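Novice: Build out the structure end to end from the sequences listed, making use of the hints.
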Amino acid sequence: MKNLKFIFLFIIPFFTSAPCDVKMKELEEIDIYFFNVGKADSILIKSNEVNILIDTARDENGEYIVKRLKDLGVKKLDYMIITHIDKDHVGGADKILEKIETEKIYTSYINEEKKQYREMVNVANKKSIEIKKVELEEKIFDGDLKVKVIAPKKNYFNENDNSIVLSVKYGKNKFLFAGDIEESSTEDLLNDSEIKNYDLLKVPHHGRNNDFMADFLAKVKPNTSIITTDNVEHKPSKKLKESLKNIKSNVLITGDGEIYVTSNGIKINVYKEERD
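Residues in the sequence shown are numbered from 1 upward in steps of one, following full-length UniProt numbering.
Note that these hints are calculated values from the structure, not bench results. Please read these numbers as outputs of a predicted model, since none were measured by experiment. Keep in mind that the hints are not guaranteed to be accurate.
Restricting the straight-line Cα-Cα distance to at most 25 Å, the calculated cross-link-like pairs of lysine-lysine (BS3-like) are [what the hints assert, rightly or not]: (1) LYS219 with LYS153; (2) LYS219 with LYS248; (3) LYS146 with LYS46; (4) LYS5 with LYS75; (5) LYS75 with LYS104; (6) LYS75 with LYS126.
Specialist: Encoded structure:
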């Protein structure tokens, strides 16, 4: 498989009311890759401080993710975050753990009835990799890059609502990774003061809509929204796309090609996989 090439799409600038003579600190650039793995999630945050993989897509995507990590020069993952135990988020974990050194795994809950979860645990145990259940408000990383758990707020009956939601900040730039949250968690997040004015949103649940999604999107107000789905058999909800249009958010879909984002803490550059 040939290395991917990317084309520049646009810049997300940081607008500030600070006086012109106030110089904002430009940080070393970080990279975020939204892998094209169909209707599934796998996202890499790569910086000089830390490498974080958010979700591992399906079992059949595992080897592909390993290849992408190696292509990108990732020899070690500091953290693997499994937002929840659905097969399209945890499925490739065992294959990745076998091939890529990993320091620690975070997950929102434990479900040993799930085959993919057991496979991940078996490899983690073999390699003495710690698996930790996250706590609300936990700071997974707190350097220049800040990664904080803002959901789940409680234990939900619906497994998707138990998804880990991550607020990621780098300088003045803000990113929200919303797992597969559905109605209950979405509603609870509406009362969270943290949920407002993000530069970029990983849209919940592959672009599905729910009764609270329009209000959620209006509060998050992302400049750019990324939907993780194949965009062929599983297209985003028309109502959700309408809600994103209403807030003038740029919409990108991983099924149309891998998405690559950079941030220096002030501005964000957005790229998309170039296709023949």
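Novice: Next step is simple, just say for each hint if it's right about the structure.
Specialist: Evaluated hints:
1. LYS219 with LYS153: holds, 18 Å
2. LYS219 with LYS248: Distance ~13 Å between LYS219 and LYS248 Cα, so the pair holds.
3. LYS146 with LYS46: Judged against 25 Å, a Cα distance of about 13 Å means the pair holds.
4. LYS5 with LYS75: At roughly 21 Å apart (the allowed maximum being 25 Å), LYS75 and LYS5 satisfy the hint.
5. LYS75 with LYS104: holds, 14 Å
6. LYS75 with LYS126: This hinted pair holds, its Cα atoms lying about 19 Å apart.
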